[in-house]
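Hey, can you work out the whole structure from these sequences and the hints?
So the sequences go chain by chain: H and P.
Its first residue numbered 1, the first sequence is counted upward by one per residue in the numbering used here.
Its first residue numbered 295, the second sequence is counted upward by one per residue in the numbering used here.
Rather than coming from a laboratory, the hints here were simulated on the basis of the structure.
Keep in mind that the hints are not guaranteed to be accurate.
As the list claims (entries may be wrong) - One-sided and incomplete, this derived list gives chain P residues near chain H with beta-carbon spacing under 7 Å:
no.: 1; residue: Thr297
no.: 2; residue: Ser310
no.: 3; residue: Val311
no.: 4; residue: Val313
no.: 5; residue: Ala315
no.: 6; residue: Gly316
no.: 7; residue: Glu351
no.: 8; residue: Ala352
no.: 9; residue: Val353
no.: 10; residue: Lys354
no.: 11; residue: Leu357
The beta carbon of each residue, even a glycine, is placed where N, CA and C say it ideally should be.
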Amino acid sequence: MRDFEYLEPTSVAEASRLLAALEDDEVRVMAGGTALMLTMRQRMVQPSHVISMARIDRLQGIEFDPQQGLRIGALTRHADLAASPVVQRHYPMLASMAERVANPQVRNQGTLGGNLCYGDPSTDPPSCLLALDAAVVLGSTRGERCMPLDEFIVDYFETALEPDEILVEVRIPPLPPGVKGIYSRFLRTAAEHRPLVSVALVAGLDGGGCHDVRIAVGASTPIPCRMKNAEAMLQGRRVDAALAAQAADLVAQDIEPLSDSRGSAEFRRDMVRVVVRRTICELFELSIDEGRAP
Amino acid sequence: MSTHRIECTVNGEARSVEVPAGRLLSDFLRDDLHLTGTKRGCETATCGACTVLLDGEAVKSCLLLAVQVNGRAITTIEGLAKGEQLHPLQQSFMDCGGLQCGYCTPGMIMASCDLLANNPRPTVEEVRRGLSGNLCRCTGYTQIVESILHAADAMNHGN
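And the structure:
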């Protein structure tokens, strides 16, 4: 690892000033550091300055308000999210997702904010947050701005952060009554920690047809995507196994999968189809063996 | 490179050491404090041999900078025994044959400490999930899992 300066600002404004002052240097922001340390140790990045967020209190905490929804400070670790009673109670799919991220040691160090800013597609949180209609708050000396998560995630390892901005918090609106969600994923082997496919489904189940349907696919695509065509197909309908299979086919058709050493585009498309169908069946309490393609 | 004074507690003892910003926690423990029970394995956060407890929670010390533990408490494998009295997990790994070459053992035991602190009566599945950040390349995992279940029993009866 190359030598670097380590800085620990104590406020968003101070961090932003440092980032602006060092704009011409190779600077990296560190939250938990799980991803950054790996890239530095492999010399994929060789920063002259590492700016730690650890002492900024504004980035801490998890709060729930029935009108505003959930506020998750950017420094919230995956383990904190998984263990949070308000998250478990109001957004069980989010707690269940956080409980599966990587491995126990990484969950004790890695943060939600760090995960989103790194922009690695092969992780669990982005698609789950997208289906929950999450927004992010970005802070700098110019104040704070809130943007939907799908605008924040620009491309493969690329976000909408300005050079002097940091991610302050993640906001998730309250789920309407009767709305439930499931986060599922597919791992290529049981020992692998990075999902090959992630699927997050949110839908209202009360009454005749389903409502408030949101489907997000991640890990198989360069950035997580909302699947609007499949959402429209399910919206207002009574979901049975045949419709679940049709929606899964549509999702598989609509995505533009990654193709790399971990899986070809074709394999990913097939696995997305399987996981989407099973996830819809699970949420609507249908047998996964019904309506399966012959 | 900036240097930083680290004030932390290691195995109950207050430490104050000046380190460069780039010093890894694993190197700080092994080279600065001469606590070589913590092993460096893959050095890419895969194997878990370098697992230590940070404020009671398992972390990989090859993935943390020493500056990140300023003001915090670290427990390494050297901090588990009380004098001549081994920790129940250490005893159990010996009794159940939970090791062969022993290189992964400190990491396995530290990860298990965190697991059992949060879940004193884990199922086999929960033990396996709790060890999902640790690799063993010689014994296979059956006897490691047995060691942890056996230690859990011993610790529950001890209380």
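Evaluated hints:
| no. | hint | result |
| --- | --- | --- |
| 1 | Thr297 | violated (9 Å) |
| 2 | Ser310 | violated (17 Å) |
| 3 | Val311 | violated (15 Å) |
| 4 | Val313 | violated (10 Å) |
| 5 | Ala315 | holds (4 Å) |
| 6 | Gly316 | holds (5 Å) |
| 7 | Glu351 | holds (4 Å) |
| 8 | Ala352 | holds (5 Å) |
| 9 | Val353 | holds (5 Å) |
| 10 | Lys354 | holds (5 Å) |
| 11 | Leu357 | holds (5 Å) |
The structure is inconsistent with the numbered hints 1, 2, 3 and 4, although it conforms to all the rest.
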